[in-house]
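S.K.: For the record, the sequence lines run as chains A and B. When we follow UniProt numbering, the leftmost residue of the first sequence carries the number 1, and every step to the right adds one. When we follow UniProt numbering, the leftmost residue of the second sequence carries the number 1, and every step to the right adds one.
Hints were generated in silico from the structure; no laboratory data involved. As the structure is a prediction and not an experimental result, all values here were calculated from the model. Any given hint could turn out to be false.
[Claimed, not checked] Simulated crosslink set (DSS-like; lysine-lysine; CA at most 30 angstroms straight-line): (1) B:K114 - B:K150; (2) B:K114 - A:K204; (3) A:K228 - A:K553; (4) B:K146 - A:K209; (5) A:K538 - A:K553; (6) B:K3 - A:K295; (7) A:K575 - A:K618; (8) A:K228 - B:K114; (9) A:K431 - A:K393; (10) B:K150 - A:K228; (11) A:K460 - A:K228; (12) A:K577 - A:K194; (13) A:K618 - A:K577; (14) A:K178 - A:K209; (15) B:K150 - A:K324; (16) A:K618 - B:K150; (17) B:K11 - A:K209; (18) A:K204 - B:K150; (19) A:K3 - A:K145; (20) A:K228 - A:K204; (21) A:K228 - B:K146; (22) A:K204 - B:K7; (23) B:K150 - A:K251; (24) A:K460 - B:K11; (25) A:K342 - A:K324; (26) A:K275 - A:K296; (27) A:K204 - A:K713; (28) B:K7 - A:K618; (29) B:K3 - A:K209; (30) B:K3 - A:K204; (31) B:K7 - A:K577; (32) A:K572 - A:K194; (33) A:K575 - A:K553; (34) B:K3 - A:K296; (35) A:K209 - B:K7.
[Unchecked claim] Here are the computed distance ranges between Cβ atoms for each label pair: (36) A:T107 - B:Q32: 47 to 55 angstroms; (37) A:N613 - B:Q32: 38 to 46 angstroms; (38) B:A126 - A:G581: 50 to 58 angstroms; (39) B:D121 - A:R349: 32 to 40 angstroms; (40) A:P505 - B:A126: 19 to 27 angstroms.
Note that beta-carbon positions come from the ideal geometry of N, C-alpha and C, so glycine has one too.
Here's the letter readout for the chains.
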Amino acid sequence: MTKIQTQYNRRSFIKISAAAGGGMLIGFSWLNGCKPNAPEMAEGLPLPEEWYEINGYIKIGDTGLVTIYSPNPEIGQNVRTSMPMIVAEELDVPWDHVVVEQAPLNTGFYQNQFAGGSLSIRLSWNALRMAGATGRRMLLEAAAKEWRVNVADLSASEGVITEINGDRSVTYGEIASKAVGIEVPKEVELKEPKDFKLIGTSQKNVDGKKIVTGEPLFGLDFHREGMKLAMIAHAPAFGMTVGDFNEAEIKAMPGVDDAFVIDTSINEPGMFDEKGFHQLIAIVGDSTWPLMQAKKALRVKWQTTGELESTALHKKRLADALEKGQVQESRRDGNPDAAFRKAAKVIERTYNCPFIAHNTLEPMNFFAHVTADGAELIGPTQTPEALEGSVAKMLNMPIENITVNMTRIGGGFGRRLYVHFGLEAAAISKKIGGPVKLIYTREDDMSQGTYRPTYSSVYKAGLDENNNLIAFSVRGAGLPEGPVFPNRFPAGAVENYSAEKIMAPTNVTTGAWRAPRSNFTAGAEQSFLDEVAELAGKDPIDFRLELFDRAIKDPVGGEYDYDAERYAGVLKMVKEKSNWGTPMPGVHRGVAAYFCHSTYVAEVFDMVMENGNPVIQKVWCAVDCGIVVNPDGAVNMIQGGVVDGIGHAMYSQLTFENGSPREMNFDTYKLIRHSQAPREIEVFFVENEIAPTGLGEPGLPPAMGALANAMYKATGVRYYDQPFMGMERQVLG
Amino acid sequence: MAKYSLKVNGKSVDVDVDPNTPMLWVLRDHLQLVGTKYGCGIAQCGSCTIHLGNAAVRSCQLPVAVVGSQEITTIEGLSEKGDHPVQQAWLEHDVPQCGYCQAGQIMSAAALLKNNPSPSDADIDAVMDGNICRCGTYVRIKQAIKTAAKTQSA
């Protein structure tokens, strides 16, 4: 039994009134038409009259209904199901007695309330277990006190406390009122993973019914009586800003209440603050369509303040950076230069990728209501805490006077780590003196991005006369940050190794895009290793396993960033599951493996040619993320990552001319569609008892490499430059 | 501005809007039916798919003035209890990730099955290619459509 120190300052369960909606945390049932989860989630259990709350995660009703608060933003990674499952496991309640509510931002209580870096489950694993175990222990103590026995004489399971050598039993709902006054234990016991009953079972998305019936869930759906709508216009190019505009004409248009310039710049901006467009034109009215017409009627004297960059310039900057750019980070083992000179075979290849936009399907939006005393913000954010801090700075208001609540989020992928749209909503609300919901058009969204940087990497490998890899180097540049992770594989596995990460400037705003840097580097590196294995005359999986073997038995140089046993483990698993090596006539296979965000993923793509088109018949995935909390939800994440990886490797790009993105909507910016997705994606998980890591990002990076390697087998062509097929051609599923 | 009497989800409703206003914004801003989503505004993503009679249409490109007396069905009116075979199949396959596109996907799939009760993979692709899922739930959507087709024909 694992013991864990609790960290709560609250003394006890407290009784909270159901009349007030069930307590302080539930006081924000603000969505128009939002109904309680109870009917579909807890059939047969009546709604409680009294609720008892323990620690901000758990509220137990007198009927046995349990509310579990999900602390983190839900961007589609399904944490609103998996995080409460972890609490319910340790609390030991039947899952169908549980309803899930979104917790508000509460930095005093919850930790790590953000959605990024595939970290939600990994960082909160202990806190969620502790919350459940603490509740269970306090209910046991309440029953022990009531029956005048020791806690050791009782057991708790499935929401019922039973006397081990007696006849008495009581449900959590019945005993909850008696837990008021029981002190929070200093230490609680956690279950052994082998005793998990709920973790490791597939549970459906707790919001599934609401999603398929179109209930208001998203930021764009939020409605508050009396609120205005607003749209913004930013300068049409990076390197430009707002100037005078036809204000009187716009204000006179039907459906327009007001039009003005806002400024969202703040002192000492943080990493999630806007770097490009701080001055914007805001137009306010009552409905969306007239605002869209007003935006079209804007005539603005935009001011040029910086360089107006182009894709041609970006390519030149990357080439220059590779030649003589500023090295940000590097690693060097052995003597790569000497090793390349004496190598029997040397191969060098260059890989490129363009800027890409996140394109969450729900465009940026936020609700804000700023008054003299405070600011209320509601909407889709991956970083509520960063938003709160930046709004406080912009409004020059104490942080305590600001509240942030999170709606369900129509896609994140890193885009909503950035908080400018929340600040813009707050600035507009302050100006008009009332509540407002800001909505971006798709064009606003795609042209005011925090894009994935454009990258270029040169890989070089040297083989000796026995086809052993004796030298490996990578030099990678990016605007404005290089894509190389110097201590990742194959660091530690090659005698002579060099890695250099190089930066070059741009005024195009960039940021974290699903699996930052890995989303390019995995594809480049894994395509390159495929080519090196071919040059060595070795099977691509066996070639990689040889390298991991070296990293395990006789590691080269200082520390490296991966667990070679687990890395090799997913390759071995995908090899076995896919019957790799068994000839399959007409099927062309490519493999890749990558480790990022603490999770290991290997993928095999099976491709066939039909009517001259490459078709992805099946994708096999092997994943090691430690304990799998919700297996079918985990499969969904990996499947989505694979499809996303294929789509962005194949089709998507953002190009620039005179500082403006040429692609502003889905007519020119291509995203993967149904017919291009694989026909089947099967996912296998390594079974172990290691604390769980995340799945939001790791499924994507290897897909780009496995795809390129399968396409080579199918077509005889190596693909070095993303997007592999641009707008013209496609791979079918 | 002009007054229109519309039939939405079996009910008669009156709105007073600019004749060019797309049904998407009539539904969302004037009728508080926000299940129909805005994604691109140029009929490229399918998030705003509704039924006009029996046909799936992109409501962002459907001006209110051309609707006339035709029946409009939105995700909120697809079934009374959220139990249309397509909705049930979506739950069975636990399709959604972020969920934002799914109302549009479901409306496209429901129209497909009404017109073609047992579609082939190619039939599904041809119709569903108009609906983008940014999270990449395409494999599950296809499975769910096949399940719904079986349920409907049973």
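S.K.: Hint by hint, which ones does this structure get wrong, listed from lowest number up?
M.R.: Violated hints (numbers, rising): 3, 8, 10, 11, 14, 15, 20, 21, 22, 23, 24, 27, 28, 29, 30, 31, 36, 38, 40; every other hint is consistent with the structure.
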